[in-house]
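Enquirer: With the hints as extra help, turn the sequences into a complete structure.
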Amino acid sequence: MPKENEKNKIDKRILKKSLYRDMFTLQWSWNYERMQALGFLWAILPVLQRIYKKGDKLKEAMKRHLHFYNTNPVMSPLILGASIALEEDKNGDASSSIKVGLMGPLAGIGDTLMAVLYRPIIAVIAASLAMGGSSLGPILIFLSGILWMGLKVPLFWLGYNKSTALIGDVIGDGIVKKATEIASIAGLIVIGGFIPSILSRVKTPLKFVKTVTIKGEAVEKAVELQGILDKLLPHLIPIAIVGLSYWLIKRKLSPVKILLVLLALSFITNILGIL
Amino acid sequence: MDGYGILIPIILGIWAYISIIAQLTGLWWAEALISGAITGLVVGDINLGLQIGATLTLMSLGMWTYGGATMPDFNTGSIIGTAIGALAGAQANSLEVGLAVAIPTSILMTQLDVLARASTTGFIHAADKHVENGNLKGVTKMHLLGQIPWGLSRGIPVFLAVWLGAAPVQKVIDWMPQWFMGGMSLAGKILPALGFALLLSQMDMKKYWPFLLIGYILFGYLNMPIMGIALAGIAIAIVYTNIKGGAANA
Numbered sequence: 001m002p003k004e005n006e007k008n009k010i011d012k013r014i015l016k017k018s019l020y021r022d023m024f025t026l027q028w029s030w031n032y033e034r035m036q037a038l039g040f041l042w043a044i045l046p047v048l049q050r051i052y053k054k055g056d057k058l059k060e061a062m063k064r065h066l067h068f069y070n071t072n073p074v075m076s077p078l079i080l081g082a083s084i085a086l087e088e089d090k091n092g093d094a095s096s097s098i099k100v101g102l103m104g105p106l107a108g109i110g111d112t113l114m115a116v117l118y119r120p121i122i123a124v125i126a127a128s129l130a131m132g133g134s135s136l137g138p139i140l141i142f143l144s145g146i147l148w149m150g151l152k153v154p155l156f157w158l159g160y161n162k163s164t165a166l167i168g169d170v171i172g173d174g175i176v177k178k179a180t181e182i183a184s185i186a187g188l189i190v191i192g193g194f195i196p197s198i199l200s201r202v203k204t205p206l207k208f209v210k211t212v213t214i215k216g217e218a219v220e221k222a223v224e225l226q227g228i229l230d231k232l233l234p235h236l237i238p239i240a241i242v243g244l245s246y247w248l249i250k251r252k253l254s255p256v257k258i259l260l261v262l263l264a265l266s267f268i269t270n271i272l273g274i275l
Numbered sequence: 001m002d003g004y005g006i007l008i009p010i011i012l013g014i015w016a017y018i019s020i021i022a023q024l025t026g027l028w029w030a031e032a033l034i035s036g037a038i039t040g041l042v043v044g045d046i047n048l049g050l051q052i053g054a055t056l057t058l059m060s061l062g063m064w065t066y067g068g069a070t071m072p073d074f075n076t077g078s079i080i081g082t083a084i085g086a087l088a089g090a091q092a093n094s095l096e097v098g099l100a101v102a103i104p105t106s107i108l109m110t111q112l113d114v115l116a117r118a119s120t121t122g123f124i125h126a127a128d129k130h131v132e133n134g135n136l137k138g139v140t141k142m143h144l145l146g147q148i149p150w151g152l153s154r155g156i157p158v159f160l161a162v163w164l165g166a167a168p169v170q171k172v173i174d175w176m177p178q179w180f181m182g183g184m185s186l187a188g189k190i191l192p193a194l195g196f197a198l199l200l201s202q203m204d205m206k207k208y209w210p211f212l213l214i215g216y217i218l219f220g221y222l223n224m225p226i227m228g229i230a231l232a233g234i235a236i237a238i239v240y241t242n243i244k245g246g247a248a249n250a
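Those protein sequence lines, which keep their order, are chains A and B. 1 is the number of the first residue of the first sequence in this note's numbering; add one for each residue after it. 1 is the number of the first residue of the second sequence in this note's numbering; add one for each residue after it.
There are no misleading hints in this set.
Over 10 Å on every C-beta distance to chain A, these chain B residues come out as not near it, computed from the model:
1) Asp2
2) Gly3
3) Gly5
4) Leu7
5) Ile8
6) Gly44
7) Gly89
8) Asn93
9) Leu112
10) Leu152
11) Pro157
12) Leu164
13) Ala166
14) Ala167
15) Val172
16) Met176
Straight line, CA to CA, 30 Å or less: simulated DSBU-like cross-link-like pairs of lysine-lysine:
17) B:Lys141 - A:Lys90
18) A:Lys53 - B:Lys129
19) B:Lys137 - A:Lys17
20) B:Lys206 - A:Lys231
21) A:Lys57 - A:Lys16
Computed from the model, here is a short list of chain B residues facing chain A with C-beta under 8 Å:
22) Leu33
23) Leu61
24) Ser201
25) Met203
To be clear, the hints were calculated from the coordinates, so they are not data collected in a lab. Every residue gets a Cβ at the ideal spot worked out from N, C-alpha and C, and that includes glycine.
Expert: Given below as structure tokens:
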């Protein structure tokens, strides 16, 4: 989209300054009242100064950008880019409303991808490496964090170049739905495999002694319960414990309370020698 | 048990400060496994840090600060638990002691998280005034200073607990009976179940439960390694959504 009013075109140096401010400090002043509002204002401030110079116009623009704002931090540069493009066109109202329009859906995409897909997959692989004594585990998470954060750069330029067209893409085209679906399906397959693998150390030591008659002689034979369970369904105990926790969540028990339930379960079954 | 000098508590306090600020920028570093490993490195027992960190990371799988919600702070718990566990290493089972310290610490830290999030409200009110007066430097200052309550709410408890923790924890260790150690050890193996259950509760299980079964079959019956399951999961998800999208357009 060619900009009609060339004198408002912001040079790249200022744009990058804005991006880096969002990238590194967006949530530093996060608070309950307006969440990331101040962080966003500080990020867009160099652009506002360039466009509105100083005085009342600048003051009005700053106030506009101090309204409530909160989204996924990695998605924020996308909104910042779009918002800057609109400020360049001196379309201040649109610049404010695009923030409100995009922050919710993008928070949904970003949080879902991170919490359901990216973090669990990497965290479980890293944790299994670490449990095996390998320092590669934490290094993997460390680097994955940098990679995730690096997404902020292309997202910023995408937002800046597409500006209002973004709204249609994000809200109209069902990207939110599709991204959530992919994350949910891949996440569930991964969790389905991870539950028995990570919890495979939870086993029962119980044995039954039963008397069998071999060649007319009574012989005592120990039968391990774990072996029977494994034939019934592999990893039955881990599945049962996850099932119990899931059921408690659905009964609206808080995670901390479930944690206490699982602790109690550990102590009791350990004392009784069941697990 | 001897405590640490002043240097190690300071280093760990600084890491606690840095890691939460990194997390605020969107950098995923306030993770129990990373902080456990760093603490282990600092106190000279990296394997302990890996074990405690991995357990806490798995427990917290389904926990994410959606829209700024508070969750147990397993990152801080991991630092303090690893440092104290390593102290106990000579005379008791360090993993069990570490977890016994880390878990309650993670839960108690939520109080300080709420305090940090509430106190930063003062900064945005001050920024409002600076905007009114056209004082841009003031606005900048208020934003950048906002990190201080966040960082200190982690840095100070870590510093104090690691510095002064040895004596009170010694008393606890002296008391710890065998059944407690055994229970704690089993808890370390069982607690990741919570993370998985929380993750599941955030998904549309009614619609997608068969995919959970596929993952279970891949591991339980086909013994596929974890990385293979992850790749299969991503491939199946994309194929499924594409076929569904294609059918809808046809």
